[in-house]
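Trainee: Using the sequences plus the hints, can you model the full thing?
What follows is each chain in one-letter form.
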Amino acid sequence: MPKLHLRRFAPAAALAVALLVLAACGGEYPNSTFSKNTELNEGAVFLWDRMMLLGTIVFVVVEVLLVYTIFKFRRREGGPAPRQIHGNAALEIAWTAIPALILVFLAVPTVRIIFENQRKAPAEALQVEVIGHQWWWEFRYPQYGITTANELYLPIGKTVNFSLRTRDVLHSFWVPQLGGKRDLISNRVNHIWFTPKATMEPTALNGACVEYCGSSHANMRFRTFTVSPADFEKWVAHQKTVALGSTAAAAADSLAKTAVKPTPIRTASVLPAPSLAPQPDSSASAGVWAFPADKIAAYAWPQTPLPAIAFDETRLAAGDPRAGRALLTNPANLGKAPCLTCHVIKGETNYVNDDQAKGPNLTHFGSRHTFGAGLYRNDAKSLALWIKNAPAMKPGVSMPTFGAGEYNALIKQIVPASAGLDDRQIADIVAYLLSLK
Amino acid sequence: MASSAATPTHAGAASHSSEQSGLWSWLTTVDHKKIGILYLYTALFYLLVGGLEAVLIRTQLAKPNLSLVSADFYNQLFTMHGTTMVFLVVMPLSAAFFNYLIPLQIGARDVAFPRLNAFSYWVYALGGLFITLPIFWGLAPDGGWFAYAPLSGPTYGGGYNMDFWVIGLQVLGISSLAAAFNFITTIINMRAPGMTLMRMPMFTWMSFVVQFLVILAFPVITAALFFLQFDRFFGTQFYEVAAGGDPLLWQHLFWVFGHPEVYILILPAFGLVSEVLPTHSRKPLFGYNAMAYSGIMIGFLGFGVWAHHMFAVGMGPVADSIFAVATMLIGLPTGVKIFNWIATMYGGSLRFPVAMKFAIGLIAMFTIGGISGVMHSSPPSDLQQTDTYFIVAHFHYVLYGGAMMGIFAGIYHYFPKMTGRFMSESLGNWQFWLNFIGLNLTFFPMHFSGMLGMPRRIYTYDAGQGWDLFNMMSTVGTYMLLVAGLLFAYNFFRSKKHGAPAGSDPWGAPTLEWSIPSPPPDYNFAQIPEVTSRYPMWDLKAPDRTAGIEHSHPDAAVIAEAHAVPMHEETERRTAKELGIPMPFNTIKPFLVALGIIILFSGLIVLHIGNFPLAMATMLGGGAFMVGSLYAWLTSPLE
Amino acid sequence: MTTATAAAGAHEAHEHTHYTTTGLDNRKIAIWAFIGSECMLFGSLISTYLVYKGRSVVGPFPHEAWTSPTGQVFKPILDIPVTSASTFVLLMSSLFMVLALAAVENKGKPGYEGTLGSSKLWLLATALAGAVFLGFQAYEFTSFVHEGLTIKTNLFGSSFFTLTGFHGTHVAVGVLWLMTLLFIDMKRGLGPKDTILVDICALYWHFVDVVWIVIFTLVYLIQ
Amino acid sequence: MSNDRAHADHVHEHPTWKQYKWVALWLFVITVVEVWAYYIPAFVASKAFVPALLLMSAVKFTIVVMFYMHLKYDHSLFRKLFTGPLLIAGATLVAFLFLFKR
Ligand code: HEA
Ligand code: HEA
Ligand code: CUA
Ligand SMILES: [Cu+2]
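Chains as they are written, first to last, in this note's numbering: chain G, 1 to 437; chain L, 1 to 639; chain Y, 1 to 223; chain H, 1 to 102.
Don't read these hints as lab results, they were simulated from the structure.
Hints should not be assumed to be uniformly reliable.
[Claimed, not checked] With a straight-line Cα cutoff of 25 Å, these simulated DSS-like cross-link-like pairs (lysine-lysine) come out:
#1 Lys109/Y - Lys18/H
#2 Lys107/Y - Lys72/H
#3 Lys109/Y - Lys72/H
#4 Lys358/G - Lys412/G
#5 Lys18/H - Lys107/Y
#6 Lys295/G - Lys158/G
#7 Lys158/G - Lys36/G
#8 Lys107/Y - Lys21/H
#9 Lys193/Y - Lys107/Y
#10 Lys358/G - Lys437/G
#11 Lys193/Y - Lys120/Y
#12 Lys197/G - Lys158/G
#13 Lys34/L - Lys496/L
#14 Lys107/Y - Lys120/Y
#15 Lys120/Y - Lys18/H
#16 Lys72/H - Lys193/Y
#17 Lys120/Y - Lys21/H
#18 Lys336/G - Lys381/G
#19 Lys187/Y - Lys120/Y
#20 Lys101/H - Lys120/G
#21 Lys21/H - Lys109/Y
#22 Lys120/G - Lys197/G
#23 Lys120/G - Lys158/G
#24 Lys497/L - Lys34/L
#25 Lys295/G - Lys36/G
#26 Lys336/G - Lys412/G
#27 Lys437/G - Lys234/G
#28 Lys18/H - Lys193/Y
#29 Lys72/H - Lys21/H
[As the list claims (entries may be wrong)] Distance ranges between label pairs, derived from CB positions:
#30 Ile40/H - Gly235/L: 33 to 43 Å
#31 Ile80/Y - Gly316/L: 30 to 40 Å
#32 Tyr73/H - Met198/L: 23 to 33 Å
#33 Thr56/G - Glu561/L: 50 to 60 Å
#34 Thr16/H - Pro81/Y: 29 to 39 Å
The beta carbon of each residue, even a glycine, is placed where N, CA and C say it ideally should be.
Mentor: Okay, here's the thing in structure tokens:
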């Protein structure tokens with residue numbers, strides 16, 4: 001019988017675990033669930049600590065007993081025959097009762113915190129609607145009439161009440177640092193609320209979809225920016241505007257020219273009449289405010305490698321936002337650039353409203369730091385590739401390939417040169433989108 | 001079954017299982033031991049498949065932003081990995097032991113319905129192929145192993161992928177159900193005289209509980225799957241969002257099945273360990289009654305906790321609290337088991353063959369998984385854990401550290417009984433330690449990656465999230481597990497031919513199966529033994545050990561009726577025919593019925609392709625074939 | 001499906017009676033386990049029906065009239081008088097079934113001469129009652145389809161047809177089973193030693209009846 | 001196991017036509033009452049309607065199971081094999097109604 005190696009192994013195992021724990025305590029853990037940034041997380045961490053304590057006790061008792069038994073009662077040649085014990089009622093009751101007692105210490109606070117967390121949200125809470133899409137996030141602030149995507153702004157110190165629903169399959173909303181996830185369930189509206197603590201620093205936090213939702217479930221991420229209440233007000237004021245005013249060459253004048261009645265590409269009965277009149281533009285007075293890029297920590301910048309899509313990068317510098325705008329908004333170009341049949345740009349000629357849009361609202365796209373649900377940095381190059389061939393950049397997306405000569409994985413066809421956009425046109429669109437501060 | 005001299009009616013018939021060999025004998029066998037072996041081989045094959053899927057998963061996740069496999073293929077990989085491991089590996093491995101051991105442990109010559117038993121196996125084998133093969137065409141199921149609607153429905157999962165899952169699982173359910181009715185009947189009704197319920201070996205006890213879990217849990221998934229099938233193939237609206245369908249209905253139905261299912265996976269392993277520990281401790285199982293009752297309690301409570309998988313869906317505080325507390329309660333009977341096992345060893349005279357090491361491994365590792373399980377049971381905290389790698393860590397500790405360890409213990413322990421030879425201890429030790437270290441290296445870091453925010457079911461993750469180290473460790477560990485697995489395979493096949501010969505009772509074990517030759521003859525017991533205590537073999541060989549427990553003789557009339565003889569060690573080498581024991585005929589019919597079922601269900605795929613006439617032809621043809629074979633089976637005599 | 005396998009198991013006939021632990025027949029234990037399992041199957045189907053009750057977004061509905069957006073008027077779907085009749089038939093079939101069992105069990109005993117002892121008659125009556133029930137169900141289903149409710153129409157249609165369809169399938173299997181027994185009875189005559197064959201069929205049959213008792217109340221009568 | 005077989009040794013007599021016909025009559029009467037109740041709008045609207053119907057249905061269920069399926073007379077094993085699952089199924093159904101209540 002080969003001899004037992006446990007003696008050698010046990011210290012090694014202990015060492016390994018200790019190292020792991022050390023590793024987990026030092027270092028950068030941007031998505032740690034242990035930060036007590038909200039009341040939800042405080043509750044969770046409180047319970048966690050208690051469970052760790054109780055669990056460790058149980059673990060140590062069991063393993064110590066086990067290891068002791070293994071060593072103490074090894075068979076020795078010529079040793080005495082073991083005493084034949086068939087059971088012991090007192091002992092068995094004890095090791096039922098003690099764990100039961102332990103569980104009481106867990107169950108009581110569990111129930112208390114469940115009820116605390118699921119009280120009704122305070123009436124004055126900031127309301128945010130979270131709408132899940134395969135595979136991106138839509139955020140609405142109904143109190144302000146704002147719709148945005150993939151980047152969520154929360155004022156520090158104020159309770160936020162989320163109502164969550166989905167346009168397609170199930171998703172789940174989670175910002176580990178802020179606590180508690182909640183599923184987005186078809187035909188239901190779900191709720192969760194919490195308060196980013198007043199003591200929090202303004203930060204960029206990562207969030208993710210944590211309910212498997214198909215091909216790009218892994219790529220359904222988002223950013224949360226916790227900002228000071230004052231900054232939040234600035235952000236809100238800016239988001240309420242139409243972004244056109246910030247376009248380099250005064251877009252306002254060309255607005256009037258493009259106000260031709262377009263022919264909506266889908267049946268009129270389904271789509272609302274395009275909203276032609278630009279909304280009052282207050283951007284000049286509000287000023288652009290977005291979370292400052294230099295304050296965004298490295299972990300919140302996407303590092304997704306760009307796929308090998310050929311693109312003439314020299315074009316980007318020469319991109320003309322006005323030409324880009326014309327491509328998007330002139331109904332004549334709908335065949336080539338049907339962007340606004342899926343996206344909303346407030347103030348432009350829209351064919352869909354937010355409830356019908358298949359893609360993210362792009363009104364202030366230029367002031368976002370990431371796109372594709374947190375998958376790529378919002379820079380000219382990434383964006384150009386995206387417009388050229390989105391399906392190659394994110395598995396399964398329903399946004400078609402627009403680049404001429406590119407392979408469209410959605411319909412398994414190459415986009416003919418005549419129907420697609422060339423690199424110059426894409427550069428123009430990029431310039432336009434980035435100008436939508 | 002009578003061993004009387006009464007001449008069997010079929011005297012001269014040439015279809016005794018003992019008289020045949022080769023492929024045909026395997027296709028037609030109704031011998032529970034051969035069927036057990038079939039289950040074992042098939043399930044080990046799928047272990048390799050599921051394991052390789054895991055290796056691919058882990059390789060893809062070794063570092064951030066890798067692209068070894070595509071997103072869609074990755075989704076198929078984890079869906080198939082979970083489905084394979086649960087339905088094609090652990091359940092059938094357990095079934096291998098049910099088949100092989102239960103009749104031997106209770107002193108029966110076969111199961112209650114031998115042909116139904118063969119049928120169960122063939123449905124499993126064919127259903128397994130049905131669900132596994134599509135991965136080679138990139139068409140494997142991709143909805144996750146719990147296939148949440150509406151992603152698994154026609155609107156969002158319109159491809160063929162999930163067709164294979166809904167059909168395959170339905171078919172596998174038939175197999176499990178048929179087997180469960182069989183074993184319930186066998187255990188209730190085929191015990192040797194004197195083998196009272198409270199004298200049954202603990203493995204048989206746990207299996208008994210499992211069969212009830214199967215007959216109560218599987219109908220629920222059957223119904224849920226029918227709804228999904230009807231949605232996919234016939235246009236019903238059960239889970240259709242537009243029609244007002246409620247995705248939570250699927251979730252509740254799935255987990256009403258799914259939670260008992262996890263105890264279906266673990267209890268047989270608990271049973272095996274409860275056989276191994278006393279044997280190698282030379283001491284009876286501590287607290288036998290408590291062990292049996294705690295098994296029943298686990299099974300019973302298991303039906304009242306399902307919604308702990310759904311704490312994130314917003315059930316409201318009352319439901320959350322009820323399910324949380326109910327879930328915690330399951331820790332109590334499980335704890336009883338853990339402590340009783342330790343107490344079994346305590347004061348014993350311990351020997352550490354590989355089987356014993358794996359058994360101890362189960363105690364040590366399952367405890368970790370159990371404790372993390374209890375951590376999930378507290379909803380406010382679980383909301384930070386659910387759908388992260390922390391959960392993945394939990395269930396691999398209970399499944400790999402628990403179920404698989406227990407099953408490995410069982411294989412090493414019973415290999416000598418099945419083959420008459422030992423497995424190599426030195427190779428086994430290597431496998432054990434590689435497994436033990438590999439398992440911890442793979443799954444322990446997942447606790448960290450999970451609590452540090454890594455969601456599960458993601459085919460890739462970004463750099464800089466603090467997960468890189470842990471993922472790399474997990475991947476390295478997986479390769480250790482692969483090596484361990486291959487060592488096991490080598491050991492297994494080599495030992496079959498070249499292992500050291502083992503006698504009928506190589507370990508000095510207490511139960512009936514060790515009183516007959518290894519491998520046992522097809523009739524198991526030439527003479528049915530009369531059981532007078534829980535440990536009949538120790539009664540015989542070490543009576544001092546069982547002096548402290550109650551002994552009693554069964555009714556004289558019963559003994560006579562059963563033609564039972566006092567407990568003895570058997571050395572009989574004559575054939576059933578020579579002994580005049582009637583044996584069931586081999587028959588191909590169960591296989592044909594199983595085939596008919598598969599053909600019938602395949603028609604649904606054809607329906608999806610859109611060829612209505614061909615689909616009808618397939619289904620009607622398959623159905624007719626099934627009914628015809630079934631009729632032939634029912635009208636032909638058993639023995 | 002499960003019915004077929006259980007039936008298969010139940011028919012695994014040992015020609016000569018063997019020793020069993022409880023002295024009971026294997027098949028009878030198996031059929032009871034099977035019935036236990038069926039409780040969960042029908043429990044799930046009924047739960048689903050009840051959960052979806054009142055959740056259909058379009059009509060027709062079970063107990064309320066419905067006007068479609070296009071102005072078409074649909075009356076309440078369920079037809080209580082017809083279903084009451086079929087319920088009655090199924091209940092009576094259970095009586096016939098016990099009589100068939102008693103006739104086989106007591107064949108040749110005093111008091112079981114004549115009609116009461118005619119297992120063929122009672123088996124036939126049971127099967128016929130089952131067939132009549134199925135006829136009612138076929139009528140019910142077709143008339144619902146004519147009134148605009150199919151299995152695809154709404155949640156009510158899906159869950160209603162699935163639930164009652166599963167029950168109907170069970171009845172149909174039972175009828176086939178009864179016919180097989182009747183066939184054996186005509187071929188070689190069923191006697192006391194065949195009690196088990198009829199007994200397991202009877203248990204199945206009564207269970208199917210019992211399920212209908214529940215369905216009739218929960219689905220048809222309670223609004 | 002001697003007590004396993006104790007029941008089997010003295011097989012309980014199954015009931016006969018005399019009893020069966022009464023059972024059938026009861027089933028018939030209760031069904032008539034059920035349907036009748038359905039046609040009394042005032043009763044349907046009252047709180048008692050649902051409990052009353054459930055009760056009647058449960059009574060019918062029980063007598064079929066007890067007398068026609070012989071559970072009252074047969075080996076106690078069968079009673080266990082049936083009631084256990086029935087209770088779990090019932091409990092699950094009630095839990096579902098609670099969980100999906102809106
Ligand atoms: C073999 C399979 C198996 C077993 C036995 C268990 C056992 C347990 N499981 Fe696990 N579980 C799974 C397999 C299993 N689980 C799987 C596969 C999933 C994921 C499914 C998926 O999402 O894909 C899962 C998920 C899962 C969840 C859902 C998590 C989530 O998704 O959010 C929860 C929540 O409560 C849970 C709890 C438990 C508990 C409390 C036990 C208990 O039975 C454990 C009891 C044991 C002990 C507690 C240890 C021994 C006891 C003592 C030493 C006594 C003293 C102890 C105390 C006082 C605590 N499990
Ligand atoms: C019993 C169940 C079981 C077992 C044993 C395993 C074993 C393993 N699992 Fe499994 N796993 C699940 C059940 C199981 N898993 C389930 C249910 C899921 C959830 C799926 C879902 O989300 O839908 C999951 C998900 C899952 C994930 C998460 C995927 C994701 O969410 O994206 C990961 C990731 O690392 C993983 C890894 C592993 C690894 C490395 C092993 C290793 O332990 C495997 C080691 C084994 C081998 C390498 C094979 C060795 C070979 C042999 C032994 C050969 C023997 C052959 C002969 C004798 C012929 N598993
Ligand atoms: Cu959305 Cu996962
Ligand atoms: Cu569970």
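Trainee: Broken hints, numbered, in rising order?
Mentor: none
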